[in-house]
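Enquirer: Residue strings, one per chain:
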Amino acid sequence: MTLLRHTTPEIKPRKALTINPAKTCQPIGAMYAALGIRGCLPHSHGSQGCCAYHRSALTRHYKEPVMAGTSSFTEGSSVFGGQANLLQALENIFAIYEPDVVAVHTTCLSETIGDDIPQIVAKARQEGKVPDGKHVIYANTPSYVGSHVTGFANMVKGMVRGFAQKTGKKNGRVNLIPGYVEPADMAEIKHLAEALGVKSILFPDTSGVLNGPLTGQYSMFPEAGVTVDELKASGDAIGTLGLGEWASAEAARYLDSEFKVPCKILDLPIGLKATDRFVDTLRQLAGKSVPESINFERGQLVDVISDWHQYFYHKKVALAGDPDQIISLVEFLVTLDMWPVHIVTGTPGKRFEARIRELTADIPHEVNVKVEGDMFLLHQWIKQTPVDLLICNSYGKYIARDENIPLIRHGFPILDRMGHVYFPTVGYKGALRLCEKILDALLDKQDLTCPEHQVELQM
Amino acid sequence: MTTKPKKTVDPSVLKEEMLRKYPPKVARKRSKQILVNELDEQGHSQEIMSNVRTIPGIITQRGCTYAGCKGVVLGPTRDIVNITHGPIGCGFYSWLTRRNQTLPPTPESENYMPYCFSTDMGEHDIVFGGEKKLRQAVQEAFDAMNPKAIGIFSTCPVGLIGDDVHAVARDMKEKLGINVFAFSCEGYKGVSQSAGHHIANNQLFKHVIGLDDTPTEGKFKINLLGEYNIGGDAFELEELFTRCGITLVSTFSGNSSYDQFAKSHSADLNCVMCHRSINYVAEMIEKKFGAPWIKVNFIGGEATAKSLRRIAQYFGDKELIERVEAVIAEELPKVKAAAEEVLPTTEGKLAMLFVGGSRAHHYQELFHEMGMKTIAAGYEFAHRDDYEGRHVLPSVKVDADSRNIEELEVEADPARYRARKTPEELKALEDAGVEFKNYPGMMMEMESKTLIIDDINHYESEALIEKYKPAVFCAGIKEKYVVQKLGVPLKQLHNYDVGGPYAGFGGAANFYREIARLVSSKVWTYMKAPWEENPELSATYVWE
Ligand code: SF4
Ligand code: SF4
Numbered sequence: 001m002t003l004l005r006h007t008t009p010e011i012k013p014r015k016a017l018t019i020n021p022a023k024t025c026q027p028i029g030a031m032y033a034a035l036g037i038r039g040c041l042p043h044s045h046g047s048q049g050c051c052a053y054h055r056s057a058l059t060r061h062y063k064e065p066v067m068a069g070t071s072s073f074t075e076g077s078s079v080f081g082g083q084a085n086l087l088q089a090l091e092n093i094f095a096i097y098e099p100d101v102v103a104v105h106t107t108c109l110s111e112t113i114g115d116d117i118p119q120i121v122a123k124a125r126q127e128g129k130v131p132d133g134k135h136v137i138y139a140n141t142p143s144y145v146g147s148h149v150t151g152f153a154n155m156v157k158g159m160v161r162g163f164a165q166k167t168g169k170k171n172g173r174v175n176l177i178p179g180y181v182e183p184a185d186m187a188e189i190k191h192l193a194e195a196l197g198v199k200s201i202l203f204p205d206t207s208g209v210l211n212g213p214l215t216g217q218y219s220m221f222p223e224a225g226v227t228v229d230e231l232k233a234s235g236d237a238i239g240t241l242g243l244g245e246w247a248s249a250e251a252a253r254y255l256d257s258e259f260k261v262p263c264k265i266l267d268l269p270i271g272l273k274a275t276d277r278f279v280d281t282l283r284q285l286a287g288k289s290v291p292e293s294i295n296f297e298r299g300q301l302v303d304v305i306s307d308w309h310q311y312f313y314h315k316k317v318a319l320a321g322d323p324d325q326i327i328s329l330v331e332f333l334v335t336l337d338m339w340p341v342h343i344v345t346g347t348p349g350k351r352f353e354a355r356i357r358e359l360t361a362d363i364p365h366e367v368n369v370k371v372e373g374d375m376f377l378l379h380q381w382i383k384q385t386p387v388d389l390l391i392c393n394s395y396g397k398y399i400a401r402d403e404n405i406p407l408i409r410h411g412f413p414i415l416d417r418m419g420h421v422y423f424p425t426v427g428y429k430g431a432l433r434l435c436e437k438i439l440d441a442l443l444d445k446q447d448l449t450c451p452e453h454q455v456e457l458q459m
Numbered sequence: 001m002t003t004k005p006k007k008t009v010d011p012s013v014l015k016e017e018m019l020r021k022y023p024p025k026v027a028r029k030r031s032k033q034i035l036v037n038e039l040d041e042q043g044h045s046q047e048i049m050s051n052v053r054t055i056p057g058i059i060t061q062r063g064c065t066y067a068g069c070k071g072v073v074l075g076p077t078r079d080i081v082n083i084t085h086g087p088i089g090c091g092f093y094s095w096l097t098r099r100n101q102t103l104p105p106t107p108e109s110e111n112y113m114p115y116c117f118s119t120d121m122g123e124h125d126i127v128f129g130g131e132k133k134l135r136q137a138v139q140e141a142f143d144a145m146n147p148k149a150i151g152i153f154s155t156c157p158v159g160l161i162g163d164d165v166h167a168v169a170r171d172m173k174e175k176l177g178i179n180v181f182a183f184s185c186e187g188y189k190g191v192s193q194s195a196g197h198h199i200a201n202n203q204l205f206k207h208v209i210g211l212d213d214t215p216t217e218g219k220f221k222i223n224l225l226g227e228y229n230i231g232g233d234a235f236e237l238e239e240l241f242t243r244c245g246i247t248l249v250s251t252f253s254g255n256s257s258y259d260q261f262a263k264s265h266s267a268d269l270n271c272v273m274c275h276r277s278i279n280y281v282a283e284m285i286e287k288k289f290g291a292p293w294i295k296v297n298f299i300g301g302e303a304t305a306k307s308l309r310r311i312a313q314y315f316g317d318k319e320l321i322e323r324v325e326a327v328i329a330e331e332l333p334k335v336k337a338a339a340e341e342v343l344p345t346t347e348g349k350l351a352m353l354f355v356g357g358s359r360a361h362h363y364q365e366l367f368h369e370m371g372m373k374t375i376a377a378g379y380e381f382a383h384r385d386d387y388e389g390r391h392v393l394p395s396v397k398v399d400a401d402s403r404n405i406e407e408l409e410v411e412a413d414p415a416r417y418r419a420r421k422t423p424e425e426l427k428a429l430e431d432a433g434v435e436f437k438n439y440p441g442m443m444m445e446m447e448s449k450t451l452i453i454d455d456i457n458h459y460e461s462e463a464l465i466e467k468y469k470p471a472v473f474c475a476g477i478k479e480k481y482v483v484q485k486l487g488v489p490l491k492q493l494h495n496y497d498v499g500g501p502y503a504g505f506g507g508a509a510n511f512y513r514e515i516a517r518l519v520s521s522k523v524w525t526y527m528k529a530p531w532e533e534n535p536e537l538s539a540t541y542v543w544e
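Sequences listed follow chains A and P, in order.
In case it helps, the numbering used here puts the first sequence at residues 1 to 459.
In case it helps, the numbering used here puts the second sequence at residues 1 to 544.
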């Protein structure tokens with residue numbers, strides 16, 4: 001029996017129908033980003049269903065409370081516009097939940113209607129619906145453009161647009177935009193910056209927000225996340241490192257053009273080489289030398305790659321996920337002498353395919369890449385050319401089971417395992433973890449399926 | 001541990017306290033949606049405001065019309081290709097997230113449930129219209145899957161730009177020679193998932209129910225309506241019916257198939273589980289084809305026995321009645337024994353249920369059987385009749401939001417209408433306690449001084465937990481981890497977390513054990529570290 005029994009190797013061209021998407025919509029990324037601001041309540045300006053879906057999906061991924069307001073549009077608002085709904089929402093939110101910041105994002109509906117968020121927010125202020133000292137920021141996140149990654153990028157830009165200030169005096173800090181990564185990744189990026197002695201402002205910062213403790217207390221606004229003061233100070237930073245073109249570049253470039261904070265866009269520091277570039281760039285930007293502790297971590301990673309190289313060597317891998325992640329993952333797999341051969345992302349973006357082609361140029365094998373592809377196509381490719389490993393979100397397990405391929409869960413959403421919330425995949429530590437995951441997956445399968453006389457005690 | 005209320009709580013005082021924080025307009029509305037339960041001399045409950053808009057800015061449990069239509073009602077059917085017409089998100093979030101199980105009869109049988117189909121509308125489609133893309137998508141779905149039926153589901157922007165999904169469906173039906181039908185279930189219609197249920201009922205009735213007149217074998221033929229096979233509930237019930245000799249023609253819609261829907265009008269009785277989501281189909285089948293409906297409940301051992309007896313009583317066949325009694329005699333003692341086992345852990349504890357349109361009511365049975373008291377309950381998207389009983393229907397005001405959901409005009413089918421019982425037989429059954437077309441609602445079965453809260457929100461839930469410290473709180477995924485951070489276990493009653501089945505006799509025993517596990521889990525004792533319990537700085541003893 002197969003789960004995806006209607007998926008055949010034969011590929012018929014599709015122009016209008018997406019089957020098993022490898023992306024989702026903008027607002028969820030915006031909601032996630034906004035949760036990384038201290039004291040912030042995300043607000044979904046549209047019908048309440050989108051908000052319910054986004055909160056549910058984030059909750060399932062993090063197994064943590066995810067709070068957000070909604071403008072609860074009805075038929076009337078979709079005809080007359082959502083101004084009255086947003087005015088009322090802001091009044092209620094500040095009265096009942098008392099956040100410091102409300103981060104409004106739009107949905108397909110309010111975008112199609114054409115609601116003018118800054119104008120409505122200004123009116124809310126005028127009418128006293130936003131108390132003094134409280135903040136409302138916003139991002140336009142029409143889901144018929146881009147993907148959840150775009151929404152994340154738009155909200156991060158909304159943060160600096162809403163808060164960054166320029167006093168004319170540089171504060172010696174470096175803005176770090178970590179990209180659409182997990183709370184544990186954000187913490188690891190901070191750790192690396194600290195180890196380098198760099199004073200950074202990391203935003204958004206969901207560490208401590210979406211991986212909080214169980215204590216018997218609940219606070220809607222945990223003592224975590226980037227603060228409003230830090231965001232204000234981002235305009236006086238000596239520079240910005242945006243990690244991941246798709247998720248972080250918008251905000252980094254905005255700070256560059258509006259506040260003359262020079263920026264550099266790097267790949268997400270997943271894997272050896274991308275982490276090297278991150279450390280090297282940060283060190284130069286802040287004028288610091290790299291401490292022995294980081295060299296040591298790096299050396300451990302190189303050691304593991306050498307110890308286990310035989311198992312990585314020339315193993316074929318299929319991947320689906322977000323462009324920033326996939327680019328760095330593919331680079332890392334190639335570093336390990338693995339062969340990423342089937343690659344899809346649902347998120348549009350011109351540079352993706354070229355980057356992947358560049359990274360995989362030396363693989364003596366045809367490499368399939370599809371931008372705005374879906375997991376149905378990925379599965380068809382796998383049926384045509386089987387692989388040894390699949391890396392993607394939890395939806396991959398249907399393919400993995402049907403094709404008997406080990407799966408490593410990576411990306412969004414992960415609905416059926418726990419580690420992603422607590423253990424990073426960025427930095428040298430993260431790369432070690434990826435090695436562990438890859439080896440566990442490959443070797444568990446070998447142990448379970450190889451002929452009896454070939455079972456190895458030591459590997 | 002948080003199992004005992006701190007002190008006796010006066011629910012009226014608590015209500016006032018909850019309202020105090022609200023701006024006046026919000027407080028006025030919420031005060032009509034929060035009631036302290038009290039029945040009058042006729043046993044009737046008070047009037048509760050429900051099925052009204054959620055106030056913007058309030059952190060609600062509710063979802064949208066699309067979710068109620070595509071997710072709830074059509075989601076569990078395995079062999080219809082369901083295409084979401086809209087930007088990618090709506091389709092993505094309703095992809096395999098509800099835990100509806102299905103069991104295709106053979107390895108070759110159609111099963112599209114693990115797939116997500118979407119037109120993934122882009123800016124160009126929003127600006128210039130999406131009909132062309134939809135048409136093409138239906139064609140591509142047909143080419144890729146070769147299904148017997150395709151459903152099209154509209155999301156919010158589609159309604160706004162005015163795509164005529166029904167015209168596309170009509171054209172493609174003709175072109176492809178298979179059934180293609182569309183649902184105008186844009187999320188902004190209505191005030192919650194409930195509107196989506198109604199739309200789904202209407203379209204199934206218009207486009208599928210009654211298409212297949214081949215007679216169904218079986219002496220006692222029923223449909224089970226409002227059962228969605230979360231965690232395998234339907235399998236439990238299917239087996240139960242088989243053992244009793246009852247033929248299940250169709251289920252709406254747990255473990256269902258298109259062909260079942262098509263011949264569902266051949267059943268002689270409709271048994272309604274979730275009244276809210278499916279009563280329209282029951283009503284319409286009765287009007288057009290003549291099969292009457294009764295309300296059943298297979299949640300709880302006693303309730304299951306009672307529902308089976310009602311079905312047997314309706315058919316009035318001696319053999320059937322005996323078989324049903326034999327099954328009950330075999331199963332009920334096992335359920336009772338399972339309840340006995342958990343009683344020491346559960347008895348006297350408090351439960352709160354805030355979920356859906358029927359489960360907040362049905363699951364009270366199970367808690368009752370475990371000796372637990374439901375101290376507060378409410379629905380997420382139900383209407384007054386689900387709270388107060390169907391007798392209030394004539395007095396329910398239809399507001400603008402409900403008015404834009406079509407009410408189908410249904411008449412008796414001249415050829416196929418068949419009264420299943422004579423008026424005398426019906427009368428005799430009614431006199432013997434079979435209630436047709438009736439749902440008495442949640443409130444009359446709840447104790448006085450319990451709290452009934454419609455469309456509860458985050459702030460009110462926290463206040464309730466703070467005051468009552470219940471042993472378990474039942475709601476959905478969005479509420480789960482908030483409640484648990486407070487040290488109170490939350491049982492999801494939409495998707496059962498990863499548990500189930502909870503229906504039928506076997507399901508009841510499962511549920512008891514699950515609740516016993518939750519309320520006795522040691523984790524709730526770990527929340528404070530030793531140094532938080534005893535923060536004194538007298539460390540010397542450590543060395544002794
Ligand atoms: S795609 Fe648009 S309409 Fe659908 S859930 Fe996302 S924001 Fe809402
Ligand atoms: S866009 Fe509309 S249909 Fe889609 S999830 Fe949001 S409210 Fe529901």
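It is worth saying that the hints were derived from the structure and are not from the lab.
C-beta atoms are modelled at their ideal positions from N, C-alpha and C, and glycine is treated no differently.
Heads up, some of the hints might be wrong.
To be verified - DSSO-like mimics (lysine-lysine), calculated; alpha carbons at most 30 Å apart, straight line:
| id | chain 1 | residue 1 | chain 2 | residue 2 |
| --- | --- | --- | --- | --- |
| 1 | P | Lys318 | A | Lys63 |
| 2 | P | Lys336 | P | Lys318 |
| 3 | A | Lys383 | P | Lys148 |
Stated by the list, open to error - Partial list, derived from the structure: chain A residues whose beta carbon lies under 7 Å from chain P:
| id | residue |
| --- | --- |
| 4 | Leu17 |
| 5 | Thr18 |
| 6 | Asn20 |
| 7 | Cys25 |
| 8 | Gln48 |
| 9 | Asn92 |
| 10 | Cys108 |
| 11 | Asn295 |
Enquirer: All hints are to be evaluated individually against the structure, with a verdict given for each.
Expert: Results of checking the hints against the structure:
Only pairs whose Cα atoms come within 30 Å are accepted, and Lys318(P) paired with Lys63(A) is rejected, the gap being roughly 52 Å. Proposed proximity of Lys336(P) and Lys318(P) is supported: the alpha carbons are some 26 Å apart, at most 30 Å. Using a Cα cut-off of 30 Å, the hinted pair Lys383(A) and Lys148(P) holds, with the two alpha carbons roughly 25 Å apart. Interface restraint check: Leu17(A) against chain P, minimum CB-CB distance 4 Å, threshold 7 Å, status holds.
Evaluation of the Thr18(A) hint against chain P yields a held restraint, the C-beta minimum of about 4 Å falling below 7 Å. Look at Asn20(A): its Cβ gets to within about 5 Å of chain P, closer than 7 Å, so that hint holds up. About 3 Å separates the beta-carbon of Cys25(A) from the nearest beta-carbon of chain P, less than 7 Å, and the hint is met. With a least beta-carbon distance of about 6 Å to chain P, the hint placing Gln48(A) at the interface is held under the 7 Å criterion.
Using the Cβ-Cβ criterion of 7 Å, the hint placing Asn92(A) at the interface with chain P is satisfied: the shortest such distance is roughly 3 Å. A least Cβ separation of about 4 Å between Cys108(A) and chain P falls short of the 7 Å threshold, and the interface hint therefore holds. Restraint check, Asn295(A) versus chain P: the minimum CB separation of about 36 Å is more than 7 Å; hint violated.
Violation of the numbered hints given earlier is confined to hints 1, 11; the remaining hints are satisfied by the structure.
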